[in-house]
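Chains as they are written, first to last, in our numbering: chain A, 103 to 229; chain B, 103 to 229.
Note that these hints are calculated values from the structure, not bench results.
Just so you know, these numbers come straight off a predicted model, no measurement behind them.
Incorrect hints may have been included.
A pair counts as met if it fits within one copy or between any two copies, since identical chains are not told apart.
Unchecked claim - Straight-line Cα separation of at most 16 Å, EDC-like style, residue types lysine to aspartate or glutamate; simulated pairs: (1) Lys141 with Glu225; (2) Lys212 with Asp105; (3) Lys114 with Glu171; (4) Lys148 with Asp113; (5) Lys148 with Asp222; (6) Lys173 with Glu214.
Protein chains: 2
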Amino acid sequence: MDDTLALKFDDKGLITAVVVDDASGEVLMVAWMNDEAVKQTLATRKATFYSRSRKKMWVKGEESGHVQEVKSVRVDCDQDTLVVRVTQTGGACHEGYRSCFYRKVDPHGKLELIAERLVDPKEVYGE
Amino acid sequence: MDDTLALKFDDKGLITAVVVDDASGEVLMVAWMNDEAVKQTLATRKATFYSRSRKKMWVKGEESGHVQEVKSVRVDCDQDTLVVRVTQTGGACHEGYRSCFYRKVDPHGKLELIAERLVDPKEVYGE
Numbered sequence: 103m104d105d106t107l108a109l110k111f112d113d114k115g116l117i118t119a120v121v122v123d124d125a126s127g128e129v130l131m132v133a134w135m136n137d138e139a140v141k142q143t144l145a146t147r148k149a150t151f152y153s154r155s156r157k158k159m160w161v162k163g164e165e166s167g168h169v170q171e172v173k174s175v176r177v178d179c180d181q182d183t184l185v186v187r188v189t190q191t192g193g194a195c196h197e198g199y200r201s202c203f204y205r206k207v208d209p210h211g212k213l214e215l216i217a218e219r220l221v222d223p224k225e226v227y228g229e
Numbered sequence: 103m104d105d106t107l108a109l110k111f112d113d114k115g116l117i118t119a120v121v122v123d124d125a126s127g128e129v130l131m132v133a134w135m136n137d138e139a140v141k142q143t144l145a146t147r148k149a150t151f152y153s154r155s156r157k158k159m160w161v162k163g164e165e166s167g168h169v170q171e172v173k174s175v176r177v178d179c180d181q182d183t184l185v186v187r188v189t190q191t192g193g194a195c196h197e198g199y200r201s202c203f204y205r206k207v208d209p210h211g212k213l214e215l216i217a218e219r220l221v222d223p224k225e226v227y228g229e
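Just chain A, same shape as in the assembly:
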């Protein structure tokens, strides 16, 4: 087995990171990392991403306090995706839910709410 990390970043220099709750196994969110964010995540054990909209690095929870303590990082066969298993403080979703995946899609494309809000997002992030 190849035991060297040799990530394949896309044409924007990014890689997909799937964040999973280490205790429950639930997928919490999906975000992007650049090379620097990967290195920082591995070194600090605080999940760190690259925001495509704000065009800058962000440590998850730096504003909300809802940090993600990294328990383990896994890489896929093609080395173009990471699974980051974390201990999540509070909710991962800026909408106030534990997971960003709080809606189910039915076969006809209708959405159904499948989770309860933990917090009012206005209280966490302001208006």
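Let chain A serve as the given structure and place chain B on it in line with the hints.
Relative to the frame of chain A, chain B by itself:
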């Protein structure tokens, strides 16, 4: 809550799909869907993706027999990522593992094998 599916495809017309084992909650693989693949997945309940390298749609398992029966589909807050929960026949990974995430990354960037091969990929996909 907005209950209408209005997916945000990227500049290549694709959306990230995280495939999760419905029974164990394990992340099996991450792949891409275009609008047609999403519709086909929802309608047929067989996980269907868009291959960026082969530039065409593919039904997971059409070659290997390792099909993914779709149990549920979830969408994230931004509607730019799906979590597809499936019943996986055989392994999801073309390297012969159950999950594509069969290696752990240590803090120094070394990879450690954390899973056993289910099958020899040569037997499934040929040389």
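Copy assignment of Lys173 with Glu214, given that the CA separation must stay at most 16 Å: between (31 Å within a copy, 15 Å between copies)
Are the CA atoms of Lys148 and Asp222 at most 16 Å apart within a copy, between copies, both, or neither? Close neither inside one copy (24 Å) nor across copies (37 Å); limit 16 Å.
When Cα atoms must be at most 16 Å apart, do Lys212 and Asp105 count as within-copy, between-copy, both, or neither? between (44 Å within a copy, 6 Å between copies)
I want to check one pair: Lys148 and Asp113. Are their C-alpha atoms no more than 16 Å apart within a copy, between two copies, both, or neither? neither (25 Å within a copy, 30 Å between copies)
My question is about Lys114 and Glu171: at a cut-off of 16 Å on alpha-carbon distance, are they close within one copy, between copies, both, or neither? neither (26 Å within a copy, 33 Å between copies)
For the identical chains here, do Lys141 and Glu225 meet the 16 Å Cα criterion within one copy, between copies, both, or neither? neither (32 Å within a copy, 37 Å between copies)
Violation of the numbered hints given earlier is confined to hints 1, 3, 4, 5; the remaining hints are satisfied by the structure.
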